[in-house]
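Peer 1: Please build the complete structure, drawing on both the sequences and the hints.
Protein chains in written order, with my numbering: chain F, -7 to 197; chain W, 880 to 1016.
Just so you know, not all the hints are guaranteed correct.
To be clear about the criterion: a stretch of chain F counts as covered by chain W if any three or more of its residues have a C-beta under 8 Å from a C-beta of chain W, and this derived list gives those stretches [what the hints assert, rightly or not]: (1) 15 to 26; (2) 32 to 40; (3) 53 to 64; (4) 124 to 132.
Pair by pair, the computed Cβ-Cβ distance ranges are [unchecked claim]: (5) Ala958(W) with Leu94(F): 40 to 48 Å; (6) Arg955(W) with Arg62(F): 24 to 32 Å; (7) Ala957(W) with Ser164(F): 54 to 62 Å; (8) Val91(F) with Pro926(W): 20 to 28 Å; (9) Leu94(F) with Ala924(W): 31 to 39 Å; (10) Asp16(F) with Ile966(W): 40 to 48 Å.
Simulated from the structure, these hints should not be mistaken for laboratory data.
C-beta atoms are modelled at their ideal positions from N, C-alpha and C, and glycine is treated no differently.
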Amino acid sequence: MGDERAEPARDDDWAALERVAAGDADAFTPLVERHQDRLVALCQRFLGDREEALDAAQEVFLRVFCHAGRARPRGRMFTWIYRIGVNHCLNRLRRRRIVRFLSLSPPAAGETPAIEPASDAPGAEAAAIARERWQRTRRAIDSLGANQRAVLILAKFEGLSQREIAATLGISEGAVESRLVRAMRRLAAAQEGAPPRVATRRARA
Amino acid sequence: MSTDDDVREIRALLAGNRRTGGADGDAASALERAWHALELPPAAAAPAGFARRVAARAGSERAAALGLPLSPRLARLAAASAVVAGIAGGIVLGLVSTATASASEGVESDVAWAASSFAEELFDGLAAAAEGEEAAR
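Peer 2: Pasting the structure below:
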């Protein structure tokens, strides 16, 4: 993963998790503190809503806590947390889609959560332009299905390589490539005002 | 991932896709433009106290989870003590009711005795009166 390549290996994370599994609940707090920002950011990119992202991140950490005794220390621990987080967010997105389908109502125009401009934005005009750009990106991401959205977010905003995305999602690198290109085609078509072009047979399916 | 890496990666993807007949040059440029247009705000850090709240909730859920396997034993203990309490209560109630019954039996026998002695006295009185009448004749 992008950031992980630069960081030294944190084997103490696994040691801390072993202590948690042995009943030392106090060892869990520093573990959460170490990974909370990245996990909350990941959830926010997937779900688009800050409050829901915090809720999702909390559930992911609870899952980590519950599975502490069954976790097999292999590789970086955040990769494991990441995988749980991505799956959890995908499940939430699917649930959201089912609820929307059952409610038989199209997504409301204002459903995309409002994005506040960054505090360091230089001036109101720049902030408004940035916000508009972010809102557009958010709407574009929300228009994608869960699988394409996952690949796009992991590639573009989380900076994962194709191989890492494949490992995180449990799919082949070819599937990552195909989903990413299809997602990008869809977004490009939406940007240029044309209907999304579907090139592959799998995409049609 | 830096911008250069972004461009390199998406170009590599598009090149791979071109080989499979997916995208032509214009489409590739459109994809690149779409890629660069994607932008989200920097994600804010988790709020203060988030880790403590999560750890507290995890601790309470663990306590609840640990309580579950214990509950059959607790249930058995509760059932056993209910049986013991029932037996003890039954014995006490039995003793109390026996005492009450014997007490009320005593009252009844006293009443019965009183009633029979009154009747006997009445009969005796009547018999004596009848005997006195016959003797007077």
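Peer 1: Confirm or reject each hint.
Peer 2: Hints, one by one, checked against the model:
1. 15 to 26: n = 7 at 8 Å, threshold three: holds.
2. 32 to 40: holds (count 4)
3. 53 to 64: holds (count 4)
4. 124 to 132: Contact hint for the segment 124 to 132 of chain F vs chain W: holds, 6 residues under 8 Å.
5. Ala958(W) with Leu94(F): 40 to 48 Å: holds (44 Å)
6. Arg955(W) with Arg62(F): 24 to 32 Å: holds (29 Å)
7. Ala957(W) with Ser164(F): 54 to 62 Å: Holds - the Cβ-Cβ distance for Ala957(W) and Ser164(F), about 55 Å, lies within 54 to 62 Å.
8. Val91(F) with Pro926(W): 20 to 28 Å: holds (27 Å)
9. Leu94(F) with Ala924(W): 31 to 39 Å: holds (35 Å)
10. Asp16(F) with Ile966(W): 40 to 48 Å: Because 45 Å falls inside the window, the suggested range holds.
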